[in-house]
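2 protein chains.
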Amino acid sequence: MNPKTVSINAPQNTYAIIGTGALGGFYGAKLQKAGLDIHFLLHSDYKQVINHGLIIESKDGDFTLPRIHAYQEVAKMPKCDVVVVALKTTQNHLLPQMLPSVVKDDGVVLVLQNGLGIEAEVAGIIGNDKVIGGLCFLCSNKIAPGHIRHLDYGQITLGEYTSNYSPVGITQRMKKIAHDFETAGITIEFAEDLLLARWQKLVWNIPYNGLSVILNATTAELMADANTRQLVEQLMEEVVAGAKSAGRVILQSFVQLMLEYTVNMKPYRTSMKIDYDENRPLEVEAIFGNPLRTAQANGVDLPQIDCLYRQLKFLDAQH
Amino acid sequence: MNPKTVSINAPQNTYAIIGTGALGGFYGAKLQKAGLDIHFLLHSDYKQVINHGLIIESKDGDFTLPRIHAYQEVAKMPKCDVVVVALKTTQNHLLPQMLPSVVKDDGVVLVLQNGLGIEAEVAGIIGNDKVIGGLCFLCSNKIAPGHIRHLDYGQITLGEYTSNYSPVGITQRMKKIAHDFETAGITIEFAEDLLLARWQKLVWNIPYNGLSVILNATTAELMADANTRQLVEQLMEEVVAGAKSAGRVILQSFVQLMLEYTVNMKPYRTSMKIDYDENRPLEVEAIFGNPLRTAQANGVDLPQIDCLYRQLKFLDAQH
Chain P
11 MNPKTVSINA PQNTYAIIGT GALGGFYGAK LQKAGLDIHF LLHSDYKQVI
61 NHGLIIESKD GDFTLPRIHA YQEVAKMPKC DVVVVALKTT QNHLLPQMLP
111 SVVKDDGVVL VLQNGLGIEA EVAGIIGNDK VIGGLCFLCS NKIAPGHIRH
161 LDYGQITLGE YTSNYSPVGI TQRMKKIAHD FETAGITIEF AEDLLLARWQ
211 KLVWNIPYNG LSVILNATTA ELMADANTRQ LVEQLMEEVV AGAKSAGRVI
261 LQSFVQLMLE YTVNMKPYRT SMKIDYDENR PLEVEAIFGN PLRTAQANGV
311 DLPQIDCLYR QLKFLDAQH
Chain B
11 MNPKTVSINA PQNTYAIIGT GALGGFYGAK LQKAGLDIHF LLHSDYKQVI
61 NHGLIIESKD GDFTLPRIHA YQEVAKMPKC DVVVVALKTT QNHLLPQMLP
111 SVVKDDGVVL VLQNGLGIEA EVAGIIGNDK VIGGLCFLCS NKIAPGHIRH
161 LDYGQITLGE YTSNYSPVGI TQRMKKIAHD FETAGITIEF AEDLLLARWQ
211 KLVWNIPYNG LSVILNATTA ELMADANTRQ LVEQLMEEVV AGAKSAGRVI
261 LQSFVQLMLE YTVNMKPYRT SMKIDYDENR PLEVEAIFGN PLRTAQANGV
311 DLPQIDCLYR QLKFLDAQH
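In order, the protein sequence lines correspond to chains P and B. Just remember that the working numbering sits 10 ahead of the position in the first sequence, which is counted from 1. Just remember that the working numbering sits 10 ahead of the position in the second sequence, which is counted from 1.
Quick caveat, the hints were computed from the structure, so don't treat them as lab data. Mixed in with the good hints, there may be bad ones.
Heads up, the list lumps identical chains together, so a pair's fine if it works in one copy or across two of them.
What the hints assert, rightly or not - Derived SDA-like pairs (lysine to any residue); straight-line CA-CA distance at most 25 Å:
{"#": "1", "residue 1": "Lys98", "residue 2": "Asn237"}
{"#": "2", "residue 1": "Lys254", "residue 2": "Asp311"}
{"#": "3", "residue 1": "Lys152", "residue 2": "His79"}
{"#": "4", "residue 1": "Lys186", "residue 2": "Glu199"}
{"#": "5", "residue 1": "Lys86", "residue 2": "Arg239"}
{"#": "6", "residue 1": "Lys98", "residue 2": "Ala236"}
{"#": "7", "residue 1": "Lys276", "residue 2": "Gln328"}
{"#": "8", "residue 1": "Lys69", "residue 2": "Thr100"}
{"#": "9", "residue 1": "Lys254", "residue 2": "Leu161"}
{"#": "10", "residue 1": "Lys276", "residue 2": "Ala327"}
{"#": "11", "residue 1": "Lys254", "residue 2": "Pro313"}
{"#": "12", "residue 1": "Lys152", "residue 2": "Asn308"}
In this text the structure is predicted, and so the values were computed from the model without any measurement.
All chains should be modelled from the sequences, with the hints used to inform the complete structure.
See the structure below:
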């Protein structure tokens, strides 16, 4: 299942990057550097990038794009084959006005966001047949306007969205997007079942993002203390129960893998902790609220995730 | 049931105060001021109190006791009729060496501490027939060595301890202690069922002490936010479930009363929050660990209290 071996004869995809921050800016810049036609939507960094270009510091090599197709308004962007949603989910109320004009008739929206149920929201705007989900394993920060620092990882898992998240396997358009990203040096994996992949990612995101903010702690501190380590495991088990309520089986071996993986990581400040420390809104609804409500609708309570959800909502509102 | 109307013919009780801090210092000083014979155990404040006396600032009137019976070692204290345990529960590992020598053969230990199950621990040291529990509703701080500021409240609820907390109603010795405290201006209520009273107090202590530390919040802030208010109510319901597992019924009207009472209070920094802010050990085991383990032993999980317990243990260990 190596995308590079897929034969690609169609013309190259064009890309719109909705949100040129730590994530969208990084992937978009890598794609442009690989020769693809990329259109970037910017907000506060627009003037800086027009004047000084887009700067990427990366463990894989620093580079600057002196000139990019930069836009302040979606209305001025061309219709693209692949529209990458790279905003924080806290800005998704903007999507109904942003997406329709920028997606080609046979185009697709690639949702590179955290949490659960976002593809269904996007499908409600653009159509069930036009959405692919992407789960990013990326450690990257915007350190100044138009200046992104890529620290580690970068891999994306792609999965097709269909109505009700019924799995449809690996499609040609997934393979084509994968080819583009692989050309740009980004590792791609395929998920045959997007919903399973989303729940699996929550196994990590829910305990570590939540507790790192609430307890002002790194992943290493949470794993070194017997009480929080136990709480992490219990929260992971609640995610497994939530997935099960949605008909998805997460194996115990996967939970163990996440625990071991985290123990062996460098001490890590989670994305939600970075958002919190920088006074940005927290993605509480996407990462905690949607899974909770999904499980509740399926008749399953997740009381410890609910506890974290309410604590985070409080902290988010105090900001 | 007004203790003042009870006829008391026996000689007056003598009292030992084990722990002359914000609580023990306040009650002990009030009793001495009322003419009772009080013996105070001190630790770090001993020299200060010997030289300058015990100073009480109180909303009910300031006073100083220039001279008290002060001790640095229990071994030098006389045997007393009533031995008041006024340490934080985090110091209860000291009790096995402290208590036996200071309790008269027909004396009693009055446990003025927070949380659940402490009387049983003390009974294990001194005998099942020698323990009375007291639940203090007191807002008092030690603001300097030998200097206590009493801010509000002061009432104590007394209940007899018996093996397995089976209720025995109101005894003569309870009435005699109540008489002493009432003489000193302290309001006393009687609990016919000490265990029920302990669980009832946890209805307030668990949500507000826990969340105030974890979220750095006052009671008013916790009640003003819809998410934490809901979490407070859920935690209270878990306390009700814990009590039920121990055969004690807490009425919904009591839960509602605690919520309304808190909404109408001045914004309040809980005792655990004060301990946390002043870098003192937190009473996590007495207030959270013991109720959790009791419920678990009775086959009932309290997942949200467990979540707070583990978060608090982490924060306590980081200090």
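We went through each hint and held it up to the structure:
no. : hint               : in the structure
1   : Lys98 with Asn237  : between (31 Å within a copy, 22 Å between copies)
2   : Lys254 with Asp311 : both (12 Å within a copy, 21 Å between copies)
3   : Lys152 with His79  : within (19 Å within a copy, 65 Å between copies)
4   : Lys186 with Glu199 : within (13 Å within a copy, 77 Å between copies)
5   : Lys86 with Arg239  : neither (50 Å within a copy, 46 Å between copies)
6   : Lys98 with Ala236  : between (33 Å within a copy, 24 Å between copies)
7   : Lys276 with Gln328 : between (30 Å within a copy, 20 Å between copies)
8   : Lys69 with Thr100  : neither (29 Å within a copy, 49 Å between copies)
9   : Lys254 with Leu161 : neither (34 Å within a copy, 52 Å between copies)
10  : Lys276 with Ala327 : between (30 Å within a copy, 21 Å between copies)
11  : Lys254 with Pro313 : both (16 Å within a copy, 19 Å between copies)
12  : Lys152 with Asn308 : neither (39 Å within a copy, 52 Å between copies)
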